[in-house]
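Chain by chain, the residues run as shown.
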Amino acid sequence: MNSLHAINRKARRFEENRIAETADVEALQEKSKKKQGRVYYPLGCTLGFNPGWEVDVSGGTAGLCQPVERDLFDCYLGCAWPAQVPDHVSNNPDWTSKCSASVNDWRNVDVIYP
Amino acid sequence: MNSAVMEIASAAYRPAEHHAFESSGKPFLYLVPSGAVFGLDGLAKEIFSLLSKEQLPREEIVSALISRGYNRAEIEATLDDMESCDVVLSGEPKEAFPSLPEPDFPLQRIVLNTTNQCNLACGYCYEYSDDKIALTKDKPKYMSEEVAEAAIDTLIKESAGRPLLHVTFFGGETLLNFNLMRYAVVYAKKKAADAGKEVEFSLTTNATLLTEEIVDFLAENRIGVTVSIDGDKELHDRMRTFHNGKGSYDIIAPKIKMLLERHKTNSIGARVTLSSGVRDIRRIYDHLTKELGFKGVGISPATANPDRLYHIGGQKMDDVFDQFSELAWEYRDFALRGGQHYFTNVSDTIKELHLGISKAYTCGAGLGLLGVSTSGGIAACHRFVDSPVAQMGNVMDQGVDHTARRQFLEDHHVGSRPDCHTCWVRPVCAGGCYHESFINHGQTAASNLNQCDRIRGWIDLCLRIYGQIAVENPKFLERFNEN
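Heads up: the protein sequence lines correspond to chains Y and E, in order. Sequential numbering from -13 applies to the first sequence in our numbering. Sequential numbering from 10 applies to the second sequence in our numbering.
The set of hints was computed from the structure by calculation and includes no laboratory data. Be aware that one or more of the hints could be misleading.
Residues from chain E that keep clear of chain Y, each with C-beta distances beyond 10 Å, as calculated [unchecked claim]:
#1 Gly51
#2 Ile223
#3 Ala369
#4 Val434
A partial selection of chain Y residues facing chain E, derived with a Cβ cut-off under 8 Å [stated by the list, open to error]:
#5 Met(-13)
#6 Phe0
#7 Arg4
Simulated restraints, written as ranges between beta carbons of each label pair [as the list claims (entries may be wrong)]:
#8 Y/Asp80 with E/Ile75: 54 to 60 Å
#9 Y/Ser83 with E/Pro102: 52 to 58 Å
#10 E/Glu491 with Y/Ile5: 20 to 26 Å
#11 E/Ile75 with Y/Val89: 21 to 27 Å
#12 Y/Asn(-12) with E/Lys141: 56 to 62 Å
#13 Y/Ser86 with E/Ile75: 31 to 37 Å
#14 Y/Ala87 with E/Pro115: 52 to 58 Å
#15 Y/Ser86 with E/Gly170: 50 to 56 Å
#16 E/Glu487 with Y/Asn(-12): 20 to 26 Å
Note that CB positions come from ideal geometry on N, CA and C, so glycine has one too.
Construct the complete structure from the given sequences, taking the supplied hints into account.
What follows is the structure, given as structure tokens:
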């Protein structure tokens, strides 16, 4: 919303809805000026209860409505809660080593079998 | 491309219903019916101005703006932002009015007419003057404790899950029945606590009967006070007289000073009623704020049929509007400096604009608020108690008549006031006071058409002031954030 500016509270509600629909997911550690002091939780983060992230209807992860790939690095690198993605700290430090730019190299991120 | 996709691609975009205004040299839109206020510049401004000239399909908007140096991605993203925020529309029109409330909409406030008697005889009073509609002949003059109890029980019963309730004490002159008020405050606090709720109170009075004992009671119970006063001695005494014709200013002035001195636990406001001979708004405002010390002054013309001598008509009303505007600009000047101005007509309007209120009803009458007469009769508000219209049961009998209340809400919804359907100011006005309509047009649900131009003028003025404050001193507006 670069050239359309919400002025009153009702307009800000429109704006918040619009941002929720369209904005990019930001990393937890990102400290943009606008968000200073606020911890950012990516959409679908299980630190907040958000059904549809953990498993799909078949009990697997192929048909999730919020796939972890939506914000891979946020979960893998930035998050302290090792649940939905391979764990960067101890078990799978090299999981994304062949994926320097996820837009281009996402196919190199392989499935992990624990 | 299937037919649905083709339809979307070819649907023409058009501006949503709105009122455009300018503040600090910048363009703003007030959107109808949402009440949202947006500022536009750059691309959004260009798209809006393009669509204001003619309706265009998406592809034509894109190509028109590519030729002005924008790229496709930014044009499409801005257009999507504008559509998502209801600034522009394509396809089916949006809902033009808020929906009807649920049939069991919870009650929040009752107004107790503690007495229908008054020790003053103000010329313009809608309860006693030529425009009187209340039929009080065989009704009790004072509300009894039993009626007050039943009214408070009704409020609590009908309030569903609301945690905070409100009781307003009204008259006649309310303090003629101070004993009942004192009883009702204690009773309401106990009953509300039993129900796990809180209750707050307010009082409207002519101030003639205030004593230190009463004021201490008001302060102790944090009772908000509205004092009816019309200005300095000369102006006030023109209409606000005792039954013998003697003015009441000399009696009330020292009592008001005592009230403002002793009562600090809630707001104390002045309510000014203008009439044909009492219209010097600057003089009234200065007297009430500087000489008496009020920190809130609300000003309104008397409700009066145009035939009445005290009615403010035509040119005189234009003059009143000009004076309102002058005081409103002064409010703006104070706000830009971060100062406090006491003209509540402006602050009340700006609060509604800031929150982006979109009303289905002019006020809470019959919705969250009901009036109760001395005999327990329930009406849409205090102005209709004991009258032949807008009646909704009796607290001493079956309580609220939900069928009558429902009918009232259907009849008075802004969607049922066709004169308002194309008016941009309907999110804040919604048709105007039912009592004014009844006095002027003989029908409670008629729109107050005689005031429409001035209401639009007033809201436009307040929008321009709001826009300027939002640009130049947005911090000032934080005070309006609470609900």
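Distance restraint hint 52 to 58 Å, applied to the beta-carbon atoms of Y/Ser83 and E/Pro102: holds (55 Å)
query: Could one say that the CB atoms of E/Glu491 and Y/Ile5 fall in the range 20 to 26 Å?
result: holds (24 Å)
Given as non-interface: E/Gly51, which should sit over 10 Å from chain Y by C-beta: violated (4 Å)
task: Please verify that hint: Y/Arg4, Cβ, nearest Cβ of chain E, below 8 Å or not.
output: For Y/Arg4, the interface hint holds, since the closest Cβ of chain E sits about 5 Å away, which is under 8 Å.
- request: Determine whether the non-interface label on E/Ala369 survives the test: each CB of chain Y must be over 10 Å from its CB.
  value: At roughly 15 Å from the nearest Cβ of chain Y, E/Ala369 sits farther out than 10 Å, so the non-interface label holds.
field: Supplied distance hint 21 to 27 Å, evaluated on CB atoms of E/Ile75 and Y/Val89
entry: Given a distance of about 26 Å, which is inside 21 to 27 Å, the answer is holds.
task: Hey, is E/Ile223 genuinely clear of chain Y, shortest beta carbon separation above 10 Å?
output: Nearest chain Y Cβ is 39 Å from E/Ile223, so the label holds.
- prompt: CB of Y/Asp80 to CB of E/Ile75, is that within 54 to 60 Å?
  reply: Violated: the Cβ-Cβ distance is about 46 Å, outside 54 to 60 Å.
message: Quick check on the hint: Y/Phe0 CB to chain E CB, less than 8 Å?
response: holds (4 Å)
query: Does the hinted range 56 to 62 Å hold for Y/Asn(-12) and E/Lys141 at CB?
result: With a Cβ separation near 59 Å, Y/Asn(-12) and E/Lys141 satisfy 56 to 62 Å, so the hint holds.
field: Restraint outcome when Y/Met(-13) is required to lie within 8 Å of chain E by C-beta distance
entry: Constraint on Y/Met(-13) satisfied, holds at 5 Å.
- prompt: Against chain Y, does E/Val434 keep a CB gap of more than 10 Å to every residue?
  reply: holds (15 Å)
The structure is inconsistent with the numbered hints 1 and 8, although it conforms to all the rest.
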